[in-house]
Amino acid sequence: MTDPLLQQTLKGVFRLAAPEIALVGTACVVFLFGCLYNRRWLWFVVSLLGVVLAGVLAGTIKTQMPPIPSAAPLIPDAAAQFVRWVALVGAFVLVFVSWAEVDRTNAAEYYACLLTAAAGVSLVGRANDLITLFLALELLSIPTYILLYLPARTKLNQEAAAKYFLLSVMSSAVMLFGFSYLYGLTGSVNLTVIADALTKAHAEALNPMALVAAVMVIAAMAFRVTAVPFHFYAPDVYEGAPAGVVAQLAFFPKVAGFVALARVFGLLGADGRHLPFDTNTQVPLLLWIIAVMTMCLGNVLALLQDNVRRMLAYSSVAHGGYMLMGVVVASSLPDAKAPPDVGGIDAVLVYLVAYGMMTVGSFAVILFLSTPERPVESIDDLAGLSQSHPISAGAMAVFMFSLIGLPLTAGFAGKLLLFVGAIDAPTDSPAMRDLYRWLAVFAAVNAAVGAYYYLRVVGVMFLRTPIRPPVRSRAVPTFLAAVALAGGTLFFGVYPEPIARAARKAAPVPSAPAKATTDAR
Amino acid sequence: MSDPIGLALAIPALPLAAALLAWLAAGNKALKNYAHLPLVAACATAAVLAFLLLNTVLDGSAPNYVSKPVTWFAAGHLKVNFTITVDALSTVMLGMITFIATMIAVFSGGYMKGDKGFPRFFAVMSLFVFSMCGLVLANNFLLLVAFWEGVGLCSYLLVGYYYEKPSAADAARKAFLVTRLGDTGFLLGIFMLWKLGGWNTDLTALFEHIAQHPPGEGQLTLACLLLFCGAVGKSAQFPLYVWLPDAMEGPTPVSALIHAATMVTAGVYLLARCAPLFAKAPAAQITVAWIGGITALLAAFIALAQTDLKRILAYSTVSQLGFMFMALGTSGAIDPTFAVAAAMFHLFTHAFFKALLFLAAGSVMHAMGNVIDVRRFSGLRKVMPVTHLTFLCGAAALAGFPLLSGFWSKDLVLESLTEASESPSKYSAGYFALFLVACTTAFLTAFYTFRAYFLTFWGPEKVPEEAGHHAHESPSSMTMPLLVLAVGAVFVGGTLEPFTHWFSDFLSSTPSLDAARKAAEAAPLAHHLNWTLVGVSTALALAGIGAAFALYRNGGAEKAPLGLDPVFALSRDKLYVDELYHAVLVKPAEVLAFLARVFDGFLDALSRLVAAVPRFLGAWVRPIQTGLVQFYALSMALGLAVFLSFVVFRITR
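Sequence order for the protein chains is A and B.
Under my numbering, the first sequence has 267 at position 267, and the numbering climbs by one with no breaks.
Under my numbering, the second sequence has 643 at position 643, and the numbering climbs by one with no breaks.
Hints were generated in silico from the structure; no laboratory data involved.
In this text the structure is predicted, and so the values were computed from the model without any measurement.
Hints are not guaranteed to be accurate.
[Stated by the list, open to error] With a cut-off of at most 25 Å between alpha-carbon atoms, the simulated DSS-like pairs for lysine-lysine come out as follows:
(1) A:Lys505 - B:Lys68
(2) B:Lys462 - B:Lys587
(3) B:Lys382 - B:Lys462
(4) B:Lys462 - B:Lys559
(5) A:Lys337 - B:Lys32
(6) B:Lys462 - B:Lys174
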């Protein structure tokens, strides 16, 4: 501990996590005084201020890469910045969205949990060792358990909360099991060290223990991104849990899951050309199978749903499958002959943003229209919405079109990048051959099938007459959030370049292919 | 305010803001009747800005200004940049569009007063001006197509403005579908050019790439002809001209702005912009010229015996657009800058006098209680003195009366045709035939224009009962634009071109035209007054006017010259083209539609079967979603076990 560089590395950690500290600090204040003052608007404003403070800190504090990355628990690279802004903006929007379902008895706890979860997501983006990563993921999970219980009034609510808690704990256990193997193999908890060590080891011979660890990590992250067969909780929880919490649950864990997966597998590292788990290890093939199963099963089951929340749950499963496509493609980088157009992870990041806008937006509309007397449950509850709530119906239509992936919506931009990546991927690696192309074909067929159930919602809203029109809701912030998200979906559909550029910066595509450099040597 | 790109961006932005304001005004009862003010203000300001822009380009420090590229989408080498370009060609168009639009906006403020869709009308009009300005500025095929479709959409909305009227709704649909037919070719052409031009969508880069890597002439000709398809649809050329006369169902200011002065000239503009491509495809050029010639003659012939004042003007528009295409079609054989300047100059003067004629016709219609059939009224000279005078100016300009605008620009078109017929091009005989066609058309134009004039304003005073007892001159908000446009129709041609060559010199500073000249390798043409041509066209115009005077000065719309009754009957029935289309295209299409329906039934059954597969699969896997948390946990554990054994099996194999 005498090395000054090491000391500097460890001391710099607090600077790197200042916005997250601000979020958690605000949450603590809110928890503490929540039992004294029960005012919804007060905690609403305080939480917003907390997020804004975190944003200001994130924007003003200059950070630099720690001198010894192999000892740093947090690293502030471009990907970390991207995830932090996604988490902060997401938290800001979700505070607005959840206005409709918090009441004066639980406002403080609700908002404080939300802020803590956002801090967790943000930390996942910058975690550089297994312990920080685990802590960050738990910082996201534990407030979610509380959130699920907080407004729980009915048996269905409580059942959903219990299911999520049990299964989530189980997946955490699997993750720790995998992490312990990684530590045992490499003798380090630092992700940079682990990735380097495994890359070197796998260049000579495959290490079965490392693969077991990889499968464990995949299983744990698959739970968070609702991949088959770890998705079972999603329909039940989405149906039973409060809509505002579901909006968070559909978005934050997906961001955390994909980013953590990419971090552990070295896909978000400095050099995408040398991966610890390249195609020879069969791990990309396993991910390929999971991606195909996930998108197919999600879509097929979504077709059958009459409950709009269950439909969105399966849709979220299917979109998880689409995004896994990007992770599969990213594993092909070591085999690339020429610098590809899309690296894979950059497409996933763009898609995460698009997915967040459209999914959170859909749940915001449902939440806005639901009242205890007249909840929006089945798709038929939305009938004739274009007449009773034209703006909500318009926003919902935008989200549905974006989920389909129609041009001029953000969903299209995301899908386009994922498809371009899959079609561009090399077709001559012995383990994968032209499987990337097939992945694109599967995704295309699934996207076509998916159009059916999304269009059904649009058709019901615009072509049917209202059966029992929703009563006029007064949750203005929720409404504002839905409209803003619809605007964002359209804006980034028409002009996706800012997000695409940020994502490309976060997950740069190596300019020279790995094969060419080896040949040159 | 000297930044040309900023100015250029402000010009379309102003009408866009006006569209928003008009749309907002629709919701407010008090503001509803002032919805025209944003458009008037926006167009007037835009016209001033366009004039400043013209000045900036004119001072000659740079031939063009291209904006910094805005990347719309980039993924590796798949990169789409948007730029706008400010050069002589686009500023001339901008100036013309905004000036005419200002006049028409003022006019329609009076014309549409009291209409229940007042704000809707002005919102869409503003949107149209926005799209048209964007179309002219776009330096990228994707952006061009977006605005191209935008003006088409606005045209559709405005033709069908009186949507309660079935004929208006039909006309709107017809206009949309017929132009879509052309657009299909247009899009194919763009895709082809995209491929030929090294995957560039940026016009400048694309032209450069094609100049450096010339593709085969056959391919380039095909691409040019496909582009021309779009122009044929939008500019109502043979065989797709049938939508334009029907489009007269829209309000008259719309006919003046969209279907006479601006949108229909977009095809001409497109070809002028793409001159570097056409210069290298002589076969495409002569096709363009012939289509233009056929259209000009055909439409002029049909206009001879029509009795609907607006339809006469519509056919005349089609015919005059044909003139412009004839001029454009010579640009391979002669100096492209000369040919394009001739076409653009005719476009420019035509915009003035045709907008004037339409607005004057609108003024007549306004006074006559929406009656527009020339058999129902006559002798309006005394009743509507201002309208009469201005209509006369416009008609004389259109007929090519010596020294008026139309005379000079038509002269330039004729000159480009004679020059082409004397050029070494292998199609010179064809150009000579086209010259004769143009002369015939010029005579017919003078005849039908003055027929309409005499029938409306001469003869015994007759007013239809719809007009009531108070047939009177229109209010000053309508006559003022008429007077301004009349001054333009009389003088704009004479001042800009014949002696100073100001217009063609300015236009030839456009970089793309320069490139076209280099590509065509034709000798530059000196501008001179061809006195023989001047004599011929004067004689034709005067003969046409004289014939119309002899026949129609006392009314009698159905009258035909001695022995020409069957010919006029043919003209009255529009050469049966619509009927022919109905028999040849619509009837077989109906039969096809029936067959298709039968086939569709079969396919539908098939697709239901296919669609049932995912549902069946879903129903089959659904039972695994039991709701039991033990089962979920078990399946997670099993999944993990299966994945582990999969990986272990694969690597130990």
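Here's how the hints hold up against the structure:
1. A threshold of 25 Å between alpha carbons decides the hint, and for A:Lys505 with B:Lys68 the separation of about 22 Å falls inside it, so the pair holds.
2. Between B:Lys462 and B:Lys587, the direct Cα distance comes to roughly 42 Å. Violation of the 25 Å bound is thereby established for this hinted pair.
3. Distance check on the hinted pair: B:Lys382 and B:Lys462 sit about 11 Å apart at the alpha-carbon level, within 25 Å; holds.
4. With a CA separation close to 18 Å, the supplied pair B:Lys462 and B:Lys559 stays within the 25 Å bound.
5. For a cut-off of 25 Å, the pair hint linking A:Lys337 to B:Lys32 is broken: about 64 Å separates their Cα positions.
6. Pair hint B:Lys462 plus B:Lys174 does not hold up; C-alpha atoms about 34 Å apart against a cutoff of 25 Å.
Going down the numbered hints, you'll see the structure goes against 2, 5 and 6, while the others check out.
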